Every structure is written in structure tokens, then in C-alpha cells.
Amino acid sequence: MSHLITNIGELMTQDAAGTVLSDAAVVIEGERISWVGPAAQAPAADTSTDAEGRAVLPGWVDSHTHLVFAGDRTAEFEARMAGESYSAGGIAVTTGATRQASDEELGTLLSGRIREAVSQGTTYLETKTGYGLSVAEEIRSARIAAAQVDEVTYLGAHLVPDGLDADEYLDLVCGPMLDGVAPYVRWADVFCERGAFDEDQSRRVLEAARNAGLGLRVHGNQLGHGPGVRLAVEMGASSVDHVSYMDDADFAALADSWAGRGAGGARGTVATCLPACDLSTRQPLAPGRELLDAGVPIALASNCNPGTSYTSSMAYCVTTAVLQMKLSVHEAVRAATYGGALALHRETGEDRDGARAVGSIAVGHRADLHMLDAPSATHLAYRPGIPMTFRVWRAGKEFATRR
Numbered sequence: 013m014s015h016l017i018t019n020i021g022e023l024m025t026q027d028a029a030g031t032v033l034s035d036a037a038v039v040i041e042g043e044r045i046s047w048v049g050p051a052a053q054a055p056a057a058d059t060s061t062d063a064e065g066r067a068v069l070p071g072w073v074d075s076h077t078h079l080v081f082a083g084d085r086t087a088e089f090e091a092r093m094a095g096e097s098y099s100a101g102g103i104a105v106t107t108g109a110t111r112q113a114s115d116e117e118l119g120t121l122l123s124g125r126i127r128e129a130v131s132q133g134t135t136y137l138e139t140k141t142g143y144g145l146s147v148a149e150e151i152r153s154a155r156i157a158a159a160q161v162d163e164v165t166y167l168g169a170h171l172v173p174d175g176l177d178a179d180e181y182l183d184l185v186c187g188p189m190l191d192g193v194a195p196y197v198r199w200a201d202v203f204c205e206r207g208a209f210d211e212d213q214s215r216r217v218l219e220a221a222r223n224a225g226l227g228l229r230v231h232g233n234q235l236g237h238g239p240g241v242r243l244a245v246e247m248g249a250s251s252v253d254h255v256s257y258m259d260d261a262d263f264a265a266l267a268d269s270w271a272g273r274g275a276g277g278a279r280g281t282v283a284t285c286l287p288a289c290d291l292s293t294r295q296p297l298a299p300g301r302e303l304l305d306a307g308v309p310i311a312l313a314s315n316c317n318p319g320t321s322y323t324s325s326m327a328y329c330v331t332t333a334v335l336q337m338k339l340s341v342h343e344a345v346r347a348a349t350y351g352g353a354l355a356l357h358r359e360t361g362e363d364r365d366g367a368r369a370v371g372s373i374a375v376g377h378r379a380d381l382h383m384l385d386a387p388s389a390t391h392l393a394y395r396p397g398i399p400m401t402f403r404v405w406r407a408g409k410e411f412a413t414r415r
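Quick note on our numbering: the sequence shown kicks off at 13 and runs consecutively.
Just so you know, the hints here were simulated from the structure itself, not pulled from any lab data. All the pointers check out, no bait thrown in.
The calculated SDA-like cross-link candidates involving lysine to any residue, where the alpha carbons are at most 25 Å apart (straight line), are:
id: 1; residue 1: Lys-409; residue 2: Gln-53
id: 2; residue 1: Lys-338; residue 2: Ala-261
id: 3; residue 1: Lys-338; residue 2: Arg-395
id: 4; residue 1: Lys-338; residue 2: Ala-386
id: 5; residue 1: Lys-409; residue 2: Ser-34
id: 6; residue 1: Lys-338; residue 2: Ala-28
id: 7; residue 1: Lys-338; residue 2: Asp-259
id: 8; residue 1: Lys-409; residue 2: Ala-54
id: 9; residue 1: Lys-338; residue 2: Gly-30
id: 10; residue 1: Lys-409; residue 2: Asp-62
id: 11; residue 1: Lys-409; residue 2: Ser-14
id: 12; residue 1: Lys-338; residue 2: Leu-291
id: 13; residue 1: Lys-338; residue 2: Asp-27
id: 14; residue 1: Lys-409; residue 2: Pro-50
id: 15; residue 1: Lys-409; residue 2: Leu-16
id: 16; residue 1: Lys-338; residue 2: Ala-267
id: 17; residue 1: Lys-409; residue 2: Asp-58
id: 18; residue 1: Lys-409; residue 2: Val-375
id: 19; residue 1: Lys-338; residue 2: Leu-235
id: 20; residue 1: Lys-409; residue 2: Glu-128
id: 21; residue 1: Lys-409; residue 2: Gly-49
id: 22; residue 1: Lys-338; residue 2: His-237
id: 23; residue 1: Lys-338; residue 2: Ala-306
id: 24; residue 1: Lys-338; residue 2: Gly-397
All values reported here derive from a predicted model rather than from experimental measurement.
Can you build the whole structure from these sequences, using the hints too?
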């Protein structure tokens with residue numbers, strides 16, 4: 013069954029060349045894109061949609077979220093807005109509530125958050141464990157996440173739970189906990205930050221995860237200057253996320269990690285910027301402009317979580333990146349689509365498990381499309397705060413939006 017989307021005013025493909033087409037069309041067959049080009053040359057299809065001049069983008073790729081949780085941290089947010097500083101210890105509040113929730117409750121909460129994200133144009137999602145912090149609870153979170161989310165990351169090394177010292181807890185994180193979550197996850201992460209895990213502890217987690225065959229990610233340089241960025245590069249992590257505090261050595265390490273990328277297929281470490289979190293915690297916005305100028309690919313992600321960024325709005329992140337981080341609209345959209353796919357190794361169709369590419373609109377890629385109720389993507393920043401999502405296709409299936 014084929015479906016034609018025609019009369020697209022602006023088609024921002026985010027393909028390798030960054031092609032933007034006017035008066036364009038796309039054909040979907042099943043879960044994949046089978047044709048892209050000028051509307052006047054589009055082939056016949058079984059069904060069709062007239063975009064009536066609206067813009068179409070790839071669906072957002074949200075490469076950093078924490079969606080498996082229960083409970084509420086409104087009081088913490090209010091205190092922070094009143095002047096208290098953020099510390100990683102608030103995670104323990106969510107851990108307690110999450111442990112008390114049933115499997116059914118956690119699954120229902122997760123599905124609701126996914127629906128909310130998809131209704132705003134997000135078509136590919138990563139999420140992490142990290143609110144269980146025991147062997148049984150981390151396995152449970154990974155299992156529940158894997159049933160609904162595109163990519164699952166193991167974040168047992170989120171915080172040291174009360175009653176354990178760090179080395180004792182890491183024996184679990186790098187041993188039975190890792191073994192238990194392995195069937196459900198593709199990635200492993202560590203919170204390399206003051207109040208969480210230091211450089212040596214973080215390296216231990218990453219080495220164990222790499223030996224278990226998992227891809228690596230790092231929470232780094234969120235609350236101050238530290239080793240997270242350089243450790244991520246050293247360990248060959250796919251991304252380092254937050255990066256609010258960067259020095260010259262950090263920029264150089266990230267840029268150098270991409271210097272050899274080319275025919276050999278080498279890839280570096282993506283810098284993932286989380287502007288909604290930066291605003292909520294009143295930290296400096298990640299230096300997205302400076303990273304791009306240094307030759308470092310960036311991703312934008314929501315960091316949706318109950319403590320520091322309780323939003324799944326990728327449009328909000330894109331708008332912030334344009335208005336406050338000095339990115340162009342095209343750069344911000346690319347970071348929120350292709351950039352997220354790059355951070356997840358899903359930018360091509362050559363992934364180790366055979367999954368289709370996401371984050372760009374090209375023949376053979378997964379049919380993840382986001383139609384705006386506007387003639388161009390510029391309206392995302394030009395009309396901040398106005399809901400722009402008009403229609404969404406995820407793996408070729410149209411999803412109802414809030415309109």
C-alpha cells in the first residue's frame with residue numbers, strides 16, 4: 013500500500029546534502045520512504061494527502077530521555093526557581109516513587125509520555141533506566157522500556173543509592189545488574205559528575221559495558237567543568253550529553269574525535285545539548301554554536317525527566333537553540349533530527365541490527381515525517397510557543413495529533 017504526500021511547500025530532508033525542496037512530494041510504502049522529489053514528477057499511489065503548501069520535516073529524534081518513572085518533583089522545581097541550586101540527589105525522590113509503582117502503572121505512564129511526544133512530532137525515542145538503582149528494579153525498568161521505546165540505555169550508574177558506598181554499588185552495576193539488563197538495552201550510560209560518579213568510577217562502568225557489547229554514552233560537564241567530555245572521547249562513546257561547561261581541551265577532544273571520519277567509517281563523539289534542562293536548572297546553555305564552529309556534530313534532545321526537564325517538546329528545544337544558542341533554523345532542525353540519529357548510530361541503514369535509518373528523508377529510510385501547520389520550519393522560532401505540529405507519520409503509520 014503506497015501513500016503520496018504532495019504539494020509540500022518546504023521539504024527539509026536533512027539528507028547528507030541538507031537538501032531543501034520546494035513544491036515537493038514524498039511516497040511512503042509500508043514503513044519506508046520509496047520516493048522523494050518534485051510534486052510534478054511524483055508517481056501514482058494508492059492514497060494521497062495534500063499538504064496544501066505546508067512544511068514537512070523528518071520526525072524529531074529524541075536521543076536523551078528518562079521516561080520510566082513515577083512520582084512528582086514539583087516542590088523541587090519550585091525551590092529551584094526560588095533560588096536553590098540543583099544537585100543530583102533529587103534523583104533519589106524519583107527512585108522511591110518508581111520502586112513503589114507496579115509494572116502496569118509504569119507501563120501506562122510510559123505509554124502516555126510516548127503519545128505526548130509523538131503528538132508533537134517525535135517519531136524516534138531513546139530512554140534510560142536509572143530510577144531503579146537495584147538489580148531487580150533496573151532489570152524491571154529496562155524490560156518495561158524495551159516493550160515500548162525504540163532505544164533503551166542502561167543507566168544503573170545514575171546515583172549511588174542510600175545505604176551503599178560507591179564501590180559496593182558499582183560491583184552491582186558492573187556485575188549482576190549489567191548482566192540482567194543486557195537483553196533489553198543497546199547502550200550504557202554513566203553520570204560522570206560531582207555528586208554522582210568520578211572519572212575512575214565512570215571509566216569502570218564504561219569498560220564493563222563495552223566488554224558486554226553495549227554502545228556507550230556519558231552524562232558529562234553538566235554542573236561544572238570536569239572529566240566527562242574527555243572520558244567520553246577516550247572511551248569512544250557515541251555521545252556526551254549536557255556539555256554546559258566546556259574548556260578548550262574539551263572542544264579539541266570532541267573535534268579531534270571526528271577528524272578521521274570518512275571512507276574508513278570512523279565516527280566521533282556527538283555533543284548532545286539539552287537546552288530545556290539548562291533553563292530549568294539555571295545552568296549555562298550548552299555552547300551549540302561554538303561546537304558547530306569547531307566541527308563537532310551536535311544533537312538536540314529533550315532530557316524529559318521529572319526533576320530537571322519535564323517536557324517532551326523538541327520544538328521548544330529547537331526554538332531555544334535558535335533564539336538563545338545562536339543556531340540557524342536549519343542547524344537546529346538538523347540537530348533535532350539527523351543529529352539525534354547520529355548520536356544513536358541510526359543515521360544510515362547499515363546498523364548492526366538492520367534497522368532502517370531515521371532522522372532524514374531519503375529513499376529506503378524509515379517513513380518518519382512531521383508536517384507543520386506552517387509554510388516553513390522557520391515558523392518554529394518565528395512563532396515561539398505556538399503548536400506547529402499538524403500531522404505525524406511514524407514508521408509509515410499516521411498518528412493523531414493534538415489538533
